[in-house]
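Q: Here is how the chains run, residue by residue.
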Amino acid sequence: MIKVKNLYHSYSKDQNYAVKDVSFDISKGELFGFLGPSGAGKSTTQKILIGLLNLQKGHIQIDGKDIKQRSRDIFNHIGVSFERPNVYKKLTGIENLQFHSEMFSVTTEDPMTLLKLVGLEDAAHKKAGSYSKGMLQRLVFARSMINKPKIWFLDEPTSGLDPTTASIIKGIIKQKQQQGTTIFMTTHNMHIAEEICDRVAFITNGVISAIDSPRNLKLQYGERFVTIEYKKTDSLLSESLSIVDEAGKKRINEIISNYTVETMHTQEATLEDIFIKVTGKELK
Amino acid sequence: MKRILSIFKRDFKSSVREFLLLYIIIAPILLAVGLRFFIPSVNSISLQFALDSKLDQRVVEEFSRYGRVEIIDGIEAIKSRVNKVDDIVGVMQKEDGKYQLIMEGNEKGNYSFIPQQIISNITTDSQSVNKPSIAFSSIGINMPPIAIYGSSSIILMAIIFSGMVIGLNIIEEKEAKTIEALNVTPMQRLEFIAGKCLTAFTLPVFQAFIIIWILKLNNLNYSMLLIMTIASSFIAIIFGFLIGILSSNQIAGIANFKFLLLFVSASFVGAVALPASMQKFLYWSPLYWSTIGLINIVKNTASWLDIWTYSISILGLTFIIFIMFKGKIKKGLSA
Ligand SMILES: Nc1ncnc2c1ncn2[C@@H]1O[C@H](COP(=O)(O)OP(=O)(O)OP(=O)(O)O)[C@@H](O)[C@H]1O
Ligand SMILES: [Mg+2]
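Chains as they are written, first to last, in my numbering: chain A, 1 to 284; chain B, 1 to 335.
Just chain A, with the same shape it has in the complex (with noise of 0.2 Å):
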């Protein structure tokens, strides 16, 4: 659905690459997580997708169409949510959906009901211009479902709520993500990513340093450790150790027959300490 090869782009138009030859595939159907630090170039690589930045270098085919050659008619199939809301202030919530709605030629949702899934529904007739920033966040992402998009452009759409509403808001898009919409999102909130995600990529730099299923990289990358707190003559003492290597497979060993065990329990990695032993970097 979604192809990119080997894409760069440089704001300065020199060598100085906010994205660095970029690959990936999305296919039909598919939840794409885009995972990296902020500054990484994940805004930028959705901007390129979406056609707000031009395509300097590389080639992106969005449902089998080079992007230079798309007419605007495919955006009838195309939702974006922006990772900075933006909205018309005077216009009221409900207001900014309906003109929305008004440029697509498609049919599109009904915009309560949009407000209502997100919550919104009490300030429909408040002027954006009042509400919080959970709020026009929410607008934004309730704003990008208004034309039942096939393909779905999500920036942070869940940075900046609290965990009950960006909860919901990862219920609606694995519940989208079913329905057979193809998603691509950026996100730096591992959480979520490696819940809801088919398939993420770990970027930093502008460089993409690993694609694979959260699952996969677990395996791939994820060490599983035992925690074991043990007695030590009078003291209570704790150790991580990993049950692969041999090391740790010895000092399990030792601990086990040499001391009183306390409590044992085993750790997966989450994706988060994979994205930091991949990159090197912390995700903040």
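Heads up, a few of these hints could be off.
[To be verified] EDC-like, lysine to aspartate or glutamate: derived pairs with alpha carbons at most 20 Å apart: (1) A:Lys176 x A:Glu109; (2) A:Lys89 x B:Glu175; (3) A:Lys127 x B:Glu18; (4) A:Lys90 x B:Asp87; (5) A:Lys28 x A:Asp63; (6) B:Lys177 x A:Asp63; (7) B:Lys13 x A:Glu102; (8) A:Lys148 x B:Glu175.
[What the hints assert, rightly or not] Ranges of calculated distance between the beta carbons of each label pair, as one might list FRET restraints: (9) A:Gln69 x B:Leu5: 36 to 44 Å; (10) B:Leu261 x A:Asp21: 47 to 55 Å; (11) B:Leu20 x A:Met112: 26 to 34 Å; (12) B:Arg189 x A:Ser12: 21 to 29 Å; (13) A:Asp14 x B:Arg189: 22 to 30 Å; (14) B:Arg189 x A:Ser23: 28 to 36 Å; (15) B:Leu20 x A:Ser209: 46 to 54 Å; (16) A:Arg70 x B:Ile251: 31 to 39 Å; (17) B:Ile146 x A:Ser12: 56 to 64 Å; (18) A:Lys126 x B:Glu61: 43 to 51 Å; (19) A:Met112 x B:Leu22: 23 to 31 Å; (20) B:Leu22 x A:Gln69: 40 to 48 Å; (21) B:Ile251 x A:Ser130: 21 to 29 Å; (22) A:Lys174 x B:Arg189: 53 to 61 Å.
These are calculated hints, taken from the structure and not from any lab test. Note that beta-carbon positions come from the ideal geometry of N, C-alpha and C, so glycine has one too.
Add chain B with the ligands to chain A, keeping to what the hints say.
A: Frame of chain A, contents of chain B with the ligands only:
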């Protein structure tokens, strides 16, 4: 087309919700109301004639082009009508075919001059089909300058201000980056531009007619005013887009607008105050042609040839400005 109207409606809705924009929209109307108090004599522009019912239909038509006409039976009835409190001139034809004016004697200014002029038009006119348009000018001359320049400058102001409405709306789209949201819909760039322009075409037309209604300028040619207003709107549109694209926020927009007003007032004052021999130095300014056009329409001295000449000059000069800034505008709208 649906999208163009939606964009236009949104701009309008949004504009009336912001004090500054609302003010820009109603300021010319308020000024017209103010001007109305300074020029009570504008009122007397609408002349009144009491015509004898025996007069020729052609004569009645001719008089009704210049003022309100009452048809009255016989000299006695006309006399008693003329004696009433308002200014009205009685007109009848004597046995020998000569025209006779009946006046109270206390009418303002040279009230008799105009009916005389009209009559002399009718009589000299009997043979030739083409009427000399001088008759129009005789009425213009009777208008106080404050009425002529006041009203034409307010109309010009309404036109230019509508450009500012476009400009501020574009600034809003740029600042809030809502234009990016529109750029990922099937909306075409041209639809966006057309939607924004619709404001500048409709708003000044409404305002111009409200202004002449407030100022009771009933005798001017409405179609000419319509054409001139629409032609001048193109200048406002270019200004609006330039302000919108060159200013990064509202404050900068207002600053740029002030600079632009300088250019507007220079053209207006120049057109009004410069001697005929110097006027050619203003020919490059489309606003000069708007000014001349509006003044002549208000004075009722414009011919259709004049109106077309002025309009074409405005469109041509505006087009040149557009070509000069085309690249900038295109780039400004994609960001
Ligand atoms: N308009 C711009 N002009 C110049 N440089 C830019 C511009 N936008 C982004 N950059 C630079 O490009 C790089 C990538 O930015 P981008 O916005 O794509 O990051 P991101 O991954 O989306 O980060 P975040 O998580 O903060 O949204 C950064 O170094 C940023 O400074
Ligand atoms: Mg970003």
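Q: When the structure is checked against the list of hints, which entries are broken? Sort them ascending.
A: 4, 6, 8, 9, 18 and 22
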